[in-house]
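Visitor: Based on the provided sequences and hints, a complete structural model is requested.
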Amino acid sequence: MLNVFAPRNSPEFHRVLRLGGALLVITPAPRHLGELQRHLDLLSVNPAKEERLRRTLSVRFRRAHTEAVEYVMPLSTQDIEALSFMGPTAHHIDADVLRRRTALLNNPFETTAFFVVSVYRPR
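Numbering-wise (the numbering used here), the sequence shown opens with residue 15 and increments by one.
Among the clues, some could well be false.
[What the hints assert, rightly or not] Taking CB as the label site, the calculated pair distances span: (1) R113 <-> R32: 44 to 54 Å; (2) D93 <-> R137: 24 to 34 Å; (3) V111 <-> R76: 43 to 53 Å; (4) R29 <-> D55: 36 to 46 Å; (5) P102 <-> R137: 23 to 33 Å; (6) P21 <-> R114: 38 to 48 Å; (7) D110 <-> L33: 50 to 60 Å.
Hints were generated in silico from the structure; no laboratory data involved.
Each residue gets a CB set at the ideal place from its N, CA and C atoms; glycine is no exception.
Guide: Rendered as structure tokens:
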């Protein structure tokens with residue numbers, strides 16, 4: 015089962031996952047899109063997110079593996095706007111303000127993707 019940057023329903027995941035199955039959870043790390051966070055005033059990732067996830071899932075799952083993935087992405091203005099409107103910032107900032115801020119960035123603009131991939135097994 016795959017969960018990418020999304021809410022998690024631990025009891026339901028456990029109910030539908032077979033005993034030999036795996037839950038693959040991908041979460042943003044605190045530095046994810048850090049350059050965009052600083053220039054566009056995007057919402058940041060809670061530094062305790064990974065620990066909170068582990069605690070939430072530990073009742074029904076054991077963490078079998080965790081790996082951090084980090085790479086630089088050159089993004090066009092259009093890519094930045096699309097990416098910004100996909101996340102929680104879209105609910106907290108005026109679209110025109112975000113577009114004006116984005117227009118001031120270099121094109122392409124480099125930002126860092128940084129996330130954690132964790133594999134959980136049912137208990």
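Visitor: A separate judgement is required for each hint: does it hold in the structure or not?
Guide: Status of each hint after checking the structure:
1. Judged by the Cβ atoms, the range 44 to 54 Å given for R113 and R32 holds: they are separated by roughly 46 Å.
2. A hinted range of 24 to 34 Å for the beta carbons of D93 and R137 is inconsistent with their spacing of about 40 Å.
3. Take V111 and R76: their Cβ atoms lie about 44 Å apart, and the range 43 to 53 Å holds.
4. Range check, R29 to D55: Cβ separation about 40 Å, and the 36 to 46 Å hint holds.
5. A beta carbon spacing of about 31 Å between P102 and R137 agrees with the range 23 to 33 Å that was offered as a hint.
6. Between P21 and R114 the beta carbon distance is about 31 Å. The supplied range of 38 to 48 Å is therefore violated.
7. At about 51 Å, the beta-carbon gap between D110 and L33 stays in the expected band of 50 to 60 Å.
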